[in-house]
Amino acid sequence: MSQKNDRAKEQILKMSGVNPLKCMRCGKCSGTCPSYDEMEYHPHQFVYMVETGEIDKLMQSPSIYKCLSCFACVDRCPRGVEPAKLVEAVRLTVIRQKGMNHMTADSIPALLDDDLPQQAIVSAMRKYSK
Amino acid sequence: MKRIGVFVCHCGTNIAGTVDVKAVAEAMKHEPGVVFSTDYQYMCSQAGQEMIKAAVKEHRLDGIVVCSCSPRMHEATFRKTAAAAGLNSYMVEIANIREQCSWVHKEMPIGTEKAIILAKAAVAKVSLNAPLTPGESPVTKRALVIGGGIAGIQTALDIADAGFPVDIVETKPTIGGKMAQLDKTFPTLDCAACILTPKMVDVAQNEKIRIFSYSEVTDVKGFVGNFDVTIKRKARYVNETLCTGCGACTEKCPMKKVPNEFNLGMDNRHAVYIPFAQAVPKVATIDPNHCLMLKSGKCGLCSKVCGAGAIDYKAKDEFLEERYGAIVVATGFNPISMEKFDEFAYAQSKDVITSLELERLMNAAGPTGGTLLRPSDHQHPHTIVFVQCVGSRCEACAEKGKEYCSKICCMYTAKHAMLIRDKYPDTDVYVFYIDVRTPGKNFDEFYRRAVEEYGVHYIKGMVGKVTPENGVLKVQGSDLIDNRQLHIDADLVVLAAAIEPDKSARPLATMLTASMDTNDFFTEAHPKLRPVESPTAGVFLSGTCQGPKDIPETVSQAGAAASKVIGLLCKDKLLGNPCVAHSDEMMCNGCSTCEKVCPYGAITYEDKEFRMPDRTTKVRRVAKVNEAVCQGCGACTVACMSGAMDLKGFMNKQIMAEVDAICK
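Taken in order, these protein sequences are the chains called B and P. 563 is the number of the first residue of the first sequence in the numbering used here; add one for each residue after it. 707 is the number of the first residue of the second sequence in the numbering used here; add one for each residue after it.
Among the hints, a few may not be true.
Beta-carbon label-pair distances, calculated as ranges [what the hints assert, rightly or not]: (1) B:D568 x P:A782: 52 to 58 Å; (2) P:V1157 x B:R688: 45 to 51 Å; (3) P:Q1085 x B:R688: 47 to 53 Å; (4) B:L654 x P:C1339: 55 to 61 Å; (5) P:K1056 x B:M577: 41 to 47 Å.
It is worth saying that the hints were derived from the structure and are not from the lab. For glycine and all other residues, C-beta sits at the position ideal for the given N, C-alpha and C.
Use the sequences and the hints to build the structure in full.
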């Protein structure tokens, strides 16, 4: 594990308040995830990869934008690991870097759609940009 | 002035590594009353004990202080040594300079200083010690077993086999417990009823055993050797001695729609019922919540058809008082409620069942006559999904699950999967597991047979959710080895529910003053060395009331508990603890505070006549301690406002002398 990843791991653990060592590898998070097929790395992998310090891989993965933040994994985890909080922490670490906003005000007009609640766009702005 | 000897132990390097034992022995020589002081490598060894005996003789010692390990370790040893040397064994004090000194300190000067202070305190106390003689109490040669499952049955049979009378108290109308509900037993697949019911018959026929079914323990008083127990015999409205168990009443009873608890509510029984064909005692019971006669006074059919005249609608609960020498707790377990696990849709679909329900569905005496049919439409299920660890190992869901591993689920799930594949080879069986835990004789081989010979699909992963949709159960789960999410259309989902101690255990523990852990399992006196004894003397543990265990383990523990009970009942007298409370009548003001704080009910009050200085007499209310019941906890001595109550061996002035010695 590189020193850079070491620091990144520490940062993720601090931001999320998650202790990945509590995981007993049951896979219920990934069993329950509605976004599973969209994700390159699945909820249980997020927990394991944070534990082993593979933060850079997670930061480069589009998976961090595929998590719906539905928190089903948090609700159903028998050990209280809270995988969604890790996804959230990795995503925040990425978008807080300069020029890494995943969504800007300019991209909103193209998204406007009568069927899409405005609330969803507001929520996406909050999630995907600093 | 006492003649005190001080003996400082090295305990190898355990003490001598951190405490300058020579310096301690030297310092003690200057304490008031000390006439002899020495050190030795192992005081508890034969040579060490001989050294003490010789010193008692040579220096005419009448008090001994041993500076060594915790009194829990060797106090009894040194008391025996003192007795062998002709001293009263309560003239010995232990200064704990190991656990409370050498083991917790790193530096020699600090350790030595503390050891000297502890030794001084012990010398100060022994100067005030008085000889004590333990009282004797008789042993009632009869045992009580609470719970009539396989644990209680085996314990009772083993105790009775040694010739002692035993009573079994069971809350249900029949003994047999959970094992009577099972279909087959792992790992040999013999039928549960075939091996259990002969034992139930043995119990019924054994002259030494009395069965109080449909009864519960409502009060326990007394102590080891002499427990006074109140047993409530709930009114069953059928005279047990007259009823022949012919079943005529149950056939005629018009109330046919009462959920049958023996089949976990999957079929119905009558309001007057015999739980199952092999019930012991085979006696009918009227359910007062559903009987028309008891509820509205209109019916009385069962009474008309009963040839034995056993029906008695006016029966009342009866209370029985019995005395026992020993009590065995065998209250057993229940599967936890699945209602709160929304993700598995247990409350939404009849086809999501627990493993115990599956046992009944596969049992020849069950609601389907042994044919596996799913509860919703009575069709044969073709795809069955088993989910393990439902509510077990569940740290984050304390409000619905349990943190511990329930231990038996891996094996019974393998059994179910194997039996289904054997009987219905056209069925696909999936087992979702987190870990497969099969330690035990022939256990792992059994699980591997399920996979290798019977083709059960074991999937490493957990089911995330089950959604009932048009008669199909959509199961979504993860396959961690293949790193993919699985979607299975199942006909039946079986949940391996965690097990928990029976709800009656907690109030019973309070009655027995037996300790429990946070999960309401009874605590053993020592997790390794005294596994079937409760820390409360005379109370023993059998079966799952102590922790999750399977049938072979339960039966071994039941036998072990029985052997401990037999060991106790073989004794004619028990030596008590002489360190009991004592009230000074002249100082007692009759306030009753001690009576209220005593957890053992050892203190009573009596009116006593006292002669006054002017030669008149006066009647005063004073406290009296029952020394056989007192456990020497000291609560009363702390609570006593007039300073009348004192604890022998730990008198207030002795404690104060110790404190003074430490603070000097």
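Results of checking the hints against the structure:
1. B:D568 x P:A782: 52 to 58 Å: Once the Cβ atoms are compared, 55 Å apart, the range 52 to 58 Å for P:A782 and B:D568 holds.
2. P:V1157 x B:R688: 45 to 51 Å: Because 49 Å falls inside the window, the suggested range holds.
3. P:Q1085 x B:R688: 47 to 53 Å: With Cβ atoms ~50 Å apart, the hint holds.
4. B:L654 x P:C1339: 55 to 61 Å: holds, 57 Å
5. P:K1056 x B:M577: 41 to 47 Å: holds, 45 Å
Checked against the numbered hints listed earlier, the structure breaks none of them; every hint is satisfied.
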